[in-house]
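J.: Sequences are here, hints too, so could you generate the full structure?
The residues making up each chain are set out below.
Protein chains: 2
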Amino acid sequence: MRTRPLKVALLGCGVVGSEVARIMTTHADDLAARIGAPVELAGIAVRRPNRVRAGVPAELLTTDATALVKRGDIDVVVEVIGGVEPARSLITTSFEHGASVVSANKALLAADGAALHAAAVEHGVDLYYEAAVAGAIPLIRPLRESLAGDKVNRVLGIVNGTTNFILDKMDTTGAGYSEALDEATALGYAEADPTADVEGFDAAAKAAILAGIAFHTRVTIDDVHREGITEVTAADIASARRMGCTVKLLAICERSADGRSVTARVHPAMIPLTHPLASVREAYNAVFVEAAAAGQLMFYGPGAGGSPTASAVLGDLVATCRNKLASTTGPGESAYAQLTVSPMDDVVTRYHISLDVADKPGVLAQVATVFAEHQVSIDTVRQQGRNPAADGVAVEQGGGGRREGGEASLVVVTHRAPDAALGATVEALRKLDTVRGVASIMRVEGE
Amino acid sequence: MRTRPLKVALLGCGVVGSEVARIMTTHADDLAARIGAPVELAGIAVRRPNRVRAGVPAELLTTDATALVKRGDIDVVVEVIGGVEPARSLITTSFEHGASVVSANKALLAADGAALHAAAVEHGVDLYYEAAVAGAIPLIRPLRESLAGDKVNRVLGIVNGTTNFILDKMDTTGAGYSEALDEATALGYAEADPTADVEGFDAAAKAAILAGIAFHTRVTIDDVHREGITEVTAADIASARRMGCTVKLLAICERSADGRSVTARVHPAMIPLTHPLASVREAYNAVFVEAAAAGQLMFYGPGAGGSPTASAVLGDLVATCRNKLASTTGPGESAYAQLTVSPMDDVVTRYHISLDVADKPGVLAQVATVFAEHQVSIDTVRQQGRNPAADGVAVEQGGGGRREGGEASLVVVTHRAPDAALGATVEALRKLDTVRGVASIMRVEGE
Chain W
1 MRTRPLKVAL LGCGVVGSEV ARIMTTHADD LAARIGAPVE LAGIAVRRPN
51 RVRAGVPAEL LTTDATALVK RGDIDVVVEV IGGVEPARSL ITTSFEHGAS
101 VVSANKALLA ADGAALHAAA VEHGVDLYYE AAVAGAIPLI RPLRESLAGD
151 KVNRVLGIVN GTTNFILDKM DTTGAGYSEA LDEATALGYA EADPTADVEG
201 FDAAAKAAIL AGIAFHTRVT IDDVHREGIT EVTAADIASA RRMGCTVKLL
251 AICERSADGR SVTARVHPAM IPLTHPLASV REAYNAVFVE AAAAGQLMFY
301 GPGAGGSPTA SAVLGDLVAT CRNKLASTTG PGESAYAQLT VSPMDDVVTR
351 YHISLDVADK PGVLAQVATV FAEHQVSIDT VRQQGRNPAA DGVAVEQGGG
401 GRREGGEASL VVVTHRAPDA ALGATVEALR KLDTVRGVAS IMRVEGE
Chain C
1 MRTRPLKVAL LGCGVVGSEV ARIMTTHADD LAARIGAPVE LAGIAVRRPN
51 RVRAGVPAEL LTTDATALVK RGDIDVVVEV IGGVEPARSL ITTSFEHGAS
101 VVSANKALLA ADGAALHAAA VEHGVDLYYE AAVAGAIPLI RPLRESLAGD
151 KVNRVLGIVN GTTNFILDKM DTTGAGYSEA LDEATALGYA EADPTADVEG
201 FDAAAKAAIL AGIAFHTRVT IDDVHREGIT EVTAADIASA RRMGCTVKLL
251 AICERSADGR SVTARVHPAM IPLTHPLASV REAYNAVFVE AAAAGQLMFY
301 GPGAGGSPTA SAVLGDLVAT CRNKLASTTG PGESAYAQLT VSPMDDVVTR
351 YHISLDVADK PGVLAQVATV FAEHQVSIDT VRQQGRNPAA DGVAVEQGGG
401 GRREGGEASL VVVTHRAPDA ALGATVEALR KLDTVRGVAS IMRVEGE
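Protein sequence lines correspond, in order, to chains W and C.
Each step along the first sequence adds one to the number in full-length UniProt numbering, with nothing skipped, and position 238 is 238.
Each step along the second sequence adds one to the number in full-length UniProt numbering, with nothing skipped, and position 371 is 371.
Honestly, the hints are just simulated from the structure, not real lab data.
A few of these clues could be false.
The list treats identical chains as one, so a pair stands whether inside a single copy or across any two.
[Said to hold, decoys possible] Derived pair list, reagent style DSS-like, types lysine-lysine, alpha-carbon separation capped at 27 Å:
#, residue 1, residue 2
1, Lys-7, Lys-431
2, Lys-431, Lys-151
3, Lys-7, Lys-151
4, Lys-360, Lys-70
5, Lys-7, Lys-70
6, Lys-7, Lys-360
7, Lys-151, Lys-324
T.: Following this line, the structure appears as structure tokens:
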């Protein structure tokens, strides 16, 4: 074993960074044995050097991240700052000074992965980022390496723990969105500003990264259709239950039937309770990968948190250090396929639509006609009280569902159709005199 | 991209080999793009060259495997023959002639992995074998690389599809072992001679491989405690149901509490229906990995079959070809930890014991005394009719459970204790006059 240590610079020392520093210290011997040389933490760039960080050597702290990565003796830079800048400049500077980079930065990679990969290649160094998607769950490496001889057709998963916690709470307790968000915030599952999570930005970044690797095609977050969970109501969840479903925020990356284009999207969807993703509870993540030869694989585990994310970072650190010792680099970007990334309109899916309608004869016929005009085939229709929570009664089609005031509810579940046709159907339904309002629209997946 | 192709020799052209050959032909462009050079199937060694193999170029077939790997122009040898010889000699000869090897051979690797790894290192080539464990499910690479910076404490999984199919049938239909085996054979899930599967040899080989990688310690199949499923009865499964459990054949590799030793074992065990492994149906495989930082991860997918295994082989083929092009090798054996592999006696687990006892006062006291004498603490005791399938009634402790003929059944579930103590307890119970027989013993896991 080489005795001269490999030098590591750590950028950021928050929840993840401090855990990386801790494990590098406490497990130094194991890491050395697995790498073939000792690794030394050479410096830690932080914004607030006076903050107490248990187990983190204070003498290594610096506020000058740029100077740290420019030192010239750094072999690997671990970037756990997050956000686009200054992370991007620091990573680029690291490459220029010969350092490989291990990053957990999903936002940056989803925005600008191609340029970063190109810069790494230019300087003959590695860019690894297993920690950017689904915490400790090995996903990047299995997709990039284990399935390198296969054809991935679909990646479907729960990749954001915060929203899964919120939806799980809503499902198990009947709570509304705000109440569940409050609980998530109180327990530390949601940040003070939860926008990135609840509006689906975090999941969309991960979807872009996964789609790019799975389909050997460049996909950025701008290519990803994104809807968050802020409009999911207790009534939606109750409605899902009546269908034998639950509601999850899914990231779905799919190859089209003809194989020439792909789509990537993040939105809440109903999935059957019998689907393995339905039983993913609290802040856990799980991702299904469907490949032509492998069939259906699932990867499950903690999708966030200091320790799990540090585990992924350290796995990449060992790999990049080994590559450094062997004077080689690992597999980088693979975007040769250059498939078209199609918009949401082209996605083929199913809708669950809840309508408030006038309670008079002929309404169902009118509604059904609109679906037919848009070539959208109806799977089931159910009439029910508009506010099931109030009267507790769901009346099947053909029965009553009639309420004083002359209103009823119609719940329509469609067969699979292009999202554009489904969207146009809903627009046309809104224009019907007999349709008082569209109470909710949700896609149905996982069947 | 390099235009001169990398040459691949395929040893064996059965269910897996023919699928490897087919995908190498139909997906040649994708493989070339991902590797950075075309790959050419240079020869296929088979025993019966006249057998029809759809999609396999007949001109590549040869019966002389040794001559094929000795050609001198082969970059990678794919070994899907199975068994110890001639596979071992062919792999060694391949190394000697400069070829990396991709193997699906769990028996050989579990028996002699260390020597093969040493030979690969000696000749500066790769030995990869993702396909040897759990078919298409990425496990070797995640354990060896993704978790390289973490400390794995436990690997627990269903790694044999045949036995899972049989136990699943027994559980869902109430069938006995023989009947379920017959169905598995008829459907092609079990081989004509099912010994390797049903006696646990296949799972034990996989446990040895997983334990070795997880704990950075040499573990061979001889270190693995092994019990098959041939003695699992419909009554055992029914008994498990009454406990809210099902029966699975588990491979369990554990680090001891003090961290200094490990154990590896394969045996049928009861696991709670709420455990994710309980819902692994038919011939699927699933493996839990518990690591210090990552927490609990699960990997799920098809554990066998031509296409899934070919997917794993081809992933390794891409990796070894990339390494060849870069004149490097990937991570090999890591056995630096040299932990003691402890025998089954040292495993701490729980027993579910079903006893046929005389129906007279004081029996429970006698039985409880034997447990106490062996320092085994009892969790629950239940008296019931000896053959619940016949009378359909399970009577709780303190109630009847009495039958004509003066016999009753006692079901005891213990707390966790060393396997040696549990085994000694059962031996002592057998010697009691009031114990007519020990109807079944099964470990309880996953809690």
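J.: Taking the hints in turn, state whether each one holds.
T.: For each hint, the structure was consulted:
1. Lys-7 - Lys-431: Neither: 65 Å inside a chain and 65 Å across chains, both beyond 27 Å.
2. Lys-431 - Lys-151: neither (44 Å within a copy, 60 Å between copies)
3. Lys-7 - Lys-151: between (38 Å within a copy, 22 Å between copies)
4. Lys-360 - Lys-70: Result: close neither inside a copy nor across copies, 75 Å intra and 84 Å inter.
5. Lys-7 - Lys-70: Cα proximity of Lys-7 and Lys-70: one copy only (13 Å, versus 43 Å across).
6. Lys-7 - Lys-360: neither (76 Å within a copy, 74 Å between copies)
7. Lys-151 - Lys-324: Between. Shortest inter-copy distance 23 Å satisfies the 27 Å Cα cut-off; intra-copy 30 Å does not.
Going down the numbered hints, you'll see the structure goes against 1, 2, 4 and 6, while the others check out.
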